[in-house]
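**Q** Line by line, the protein sequences give chains E and V. Heads up, the first sequence is in my numbering, so the first residue is 1 and it goes up one at a time. Heads up, the second sequence is in my numbering, so the first residue is 1001 and it goes up one at a time.
No lab work stands behind these hints, which were simulated from the structure alone. Check the hints yourself; a few may be wrong.
Which stretches of chain E does chain V cover? Using the computed rule of at least three CB atoms under 8 Å from a CB of chain V, they are [said to hold, decoys possible]:
1) 81-95
2) 123-131
3) 192-206
A short, non-exhaustive set of chain E residues, derived as facing chain V with CB atoms under 8 Å [unchecked claim]:
4) 136
5) 140
6) 146
7) 149
8) 150
9) 170
10) 292
Just so it is clear, CB atoms sit at the ideal spot from N, CA and C, and this is done for glycine as well.
The lines below spell out each chain.
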Amino acid sequence: MAQDESRAETGRAGREAAAERAAIAVRPGEFRRGPSGKREKVFELKGAGVSYGGVTAVRDISMDIHRNDVTAMIGPSGCGKSTLLRCLNRMNDLIPGAEVQGELLYHGEDLYGQTVDPVQVRKLIGMVFQKPNPFPKSIYDNVAFGPRVLGHKENLDQTVEEALRGAALWDEVKDRLDDNAFGLSGGQQQRLCIARCIAVNPDTILMDEPCSALDPISTGKIEDLMIELKKEFSIVIVTHNMQQAARVSDRTAFLMVELDAEEDNRWGRLVEYDETEKIFTNPTDQRTEDYVSGKVG
Amino acid sequence: MAESGAAAPRNRLAVAGARATTQAMLSNQPRGDVIRNMIFAGLLLLAILIALAGLVALLVQAFVKGAPAFSLDLFTNGPSRIRPESAGFRPAILGSLELIAGVILFVVPIGVGAALYLEEYADKTRWWNRLIEVNIQNLAAVPSIIYGILGLGFIVRGPLDLGFVLAAGSLTLALLVLPMVIIAAREAIRAVPDSIRQGSLALGATKWQTIRRQVLPASVPGILTGIILAVSRALGEAAPLLLVGAAAFVTFDPQPFSGDRYSALPVQIYNYATQPQEEFRALAAAGIIVMLIVLLAMNSVAIWLRNRYEQRW
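Working from the sequences, and respecting the hints, build out all of it.
**A** See below:
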C-alpha cells in the first residue's frame, strides 16, 4: 500500500513522493490527497453551521484550515467548538437531528455531498476524544483494530510498531503489547488513542480537548507529539486551555457565544481567525483581546 | 488598626462558635436516628432471610427425602411403572438436555439479534419501536401455560405442524424464554459505553464492524447471564411441555424429530410424585437432586464462559 510505505519515508521529498502515489492510487468515491505544500487548504468552510433538531448550535463559520498546520479552536464553554470539530469528519451524523448548513469543502470536495460516504471520510480524518477511550482489548489489538477493519492485514506487526513509535509510546509498552489497555495510565491511554488513529494513516487528525483529562506531564508529552505529528498530518485541536493553543498551534480560531435580541437563543460564532501569534499578541477584535487576556472567560 | 483590634475578638468568637457547632453535629447523632437505622437494617436482613429460608427448606426437603433413593443408576436407568428400585431418569435427562440445546440454538441468535436491532438500529422516537419494547416486557410476564397452548396450536399442529416431537417442545420453550434473553441482552448492549462505539467509528469502521468487533464482544458477559437465567427457567418448566407432547414413561432415548414421544426432567418428576407408592415419591425427590445437578453443570459452563469474557471499563 502506498499509504503504508509513506510512513517509513521521512522528510519533505518522501512526503511529496508518497502524496503523489496516493493521488494516483485514488479509488472512486475516495477523497484525493493533493500534493503537499504549506498553504494548501485541507478544509474550506464557507458559512458553515450546525443545528440540532432545528436549534442552531454554531452558524456562519468561514475559515480555511491548512495542510501540516496545527489549527486550534478556542473559546468559552458552549461556543460550539466541539460541535464544529465533529462536523469535519461527520461524527455529527451519529447524533439524531443534527444538520449541517453552508459549505464544507475537504480538499476542494463537498464533505456533505450526496455521494460521500461518512465511513470513507472517517478513514481519512481521524479523531482523538476528550476522555481517553481505549477499546477493552490488548494494547496491540487497540492499534491493530483500524488496519484490520480497513483490510490492511499485511505487515500488521510493523504497522502497530510504527504507530506506537509515532505516538511516542513504543518504548513504554513494547514489552507488554498483550496486556489490557486499561492497565495504562491516562496519558498513555490517550497516546494509545493517537497511535490507534495514526495506524490507519489518516490525512488529518481532529483532537477534541485531548488533554483535559490529563496531568501536566502527560499534557506536555501530547503537546510535543502534536508538533512532531504535524510534519506528517494536518491537526485540528479544540482546547479550553489558551496556553495550550499558544504553545502548539500555528493558527487559532476564537469562537464566542452569541445571543439573539431576546436572549432566548444562543449559538457559537467565529470572532477571529488568524496566525496564533497575532491572536495572542495583537488581536484585531476587542472580544478576542478580552478573552485571551483573561478579562472574560 | 483600631478596626482590626476590634475585629479580632469577634473573629475568635465566630471561630469558636463554628467549631462548637461542628463538634455538636459530628458527635451527637440523635438517638432516634440510630434506632431508625437499626430497625431499617434489621428489616432488610429479615427480607433476605425469608428469601433464603424458602430455598433452604426446599433443598433440605428434597435432600432428606431423596437421598436414600439417590444413586448414580438414576442417570442410566429408564423409568418404570412397577419397580421403583430400578427406575431412573435417563430418557428424561437426555430429553431435557436436547430440549435445552434446541432452546439455545434458537434463542441466542434471535434474542441477541432482536436486542441489537432495538438498541443499535431502532429509532426510539418512533411509536412502533416503543410499542415493540412494551410488548417484549409484557411477553416476559405471560404465564407459561399460554405458551404451551400457543405451541400446541402453531407448532405441533397449525402452520408448522411438527407433531408431538421434541423439536416442538424446544421451540415452545424457546418462545417462552425469548423475551427474557432479549431484555438481558439489551441491558448488556446498553452498558457498553458510547465512547467505544465512537472510537471505532472514528477510525473508519462501519456500523456493522463496530457492532461485530466492539459492542458484541464487550456485551458477551451480560448476554451470557441472560442465557443462564433463560436456560434455568426452560429446564424447570413442565406445564407447556405437557401440552406439546412430553410424556412420563418413555423408555427409549429421545430423537429430536421422530414421531415418538419424549420426556423431560420436570415432567418425569411430576409423574413420579403423583404415584401412590411411597418409593416413587422418594424417587421424585431424588429426581430434583438430579435436576439440580444438571442445572448446576450447565450454569457453571456459562459462568466459566462469562468470566473468561469479563471486561471492565
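**Q** For the segment 192-206 of chain E, do three or more residues have a beta carbon lying closer than 8 Å to a beta carbon of chain V?
**A** holds (count 4)
**Q** Regarding the hint that residue 150/E lies at the interface with chain V, is the smallest CB-CB distance below 8 Å?
**A** holds (6 Å)
**Q** With a cut-off of 8 Å between beta carbons, are at least three residues of the segment 81-95 of chain E near chain V?
**A** Since 3 is at least three, the answer is holds.
**Q** Once the shortest beta carbon distance from residue 149/E to chain V is found, is it less than 8 Å?
**A** holds (4 Å)
**Q** Measuring from the C-beta of residue 140/E to each C-beta in chain V, is the shortest one below 8 Å?
**A** With a minimum Cβ separation of about 15 Å from chain V (threshold 8 Å), the hint on residue 140/E is violated.
**Q** Go through the hint on residue 136/E and say holds or violated, using the shortest Cβ distance to chain V against 8 Å.
**A** holds (4 Å)
**Q** Given residue 170/E was flagged as interface, is its beta-carbon under 8 Å from a beta-carbon of chain V?
**A** Hint violated; residue 170/E Cβ to chain V Cβ min 20 Å, cut 8 Å.
**Q** For the hint on residue 146/E, does the least C-beta distance to chain V fall short of 8 Å?
**A** Holds - the Cβ of residue 146/E comes within 8 Å of chain V, reaching about 4 Å at its closest.
**Q** Hey, does the residue 292/E contact hint survive, CB to chain V under 8 Å?
**A** violated (30 Å)
**Q** For the segment 123-131 of chain E, do at least 3 residues have a Cβ located nearer than 8 Å to some Cβ of chain V?
**A** holds (count 6)
Of the numbered hints stated above, those contradicted by the structure are hints 5, 9 and 10, listed in ascending order.
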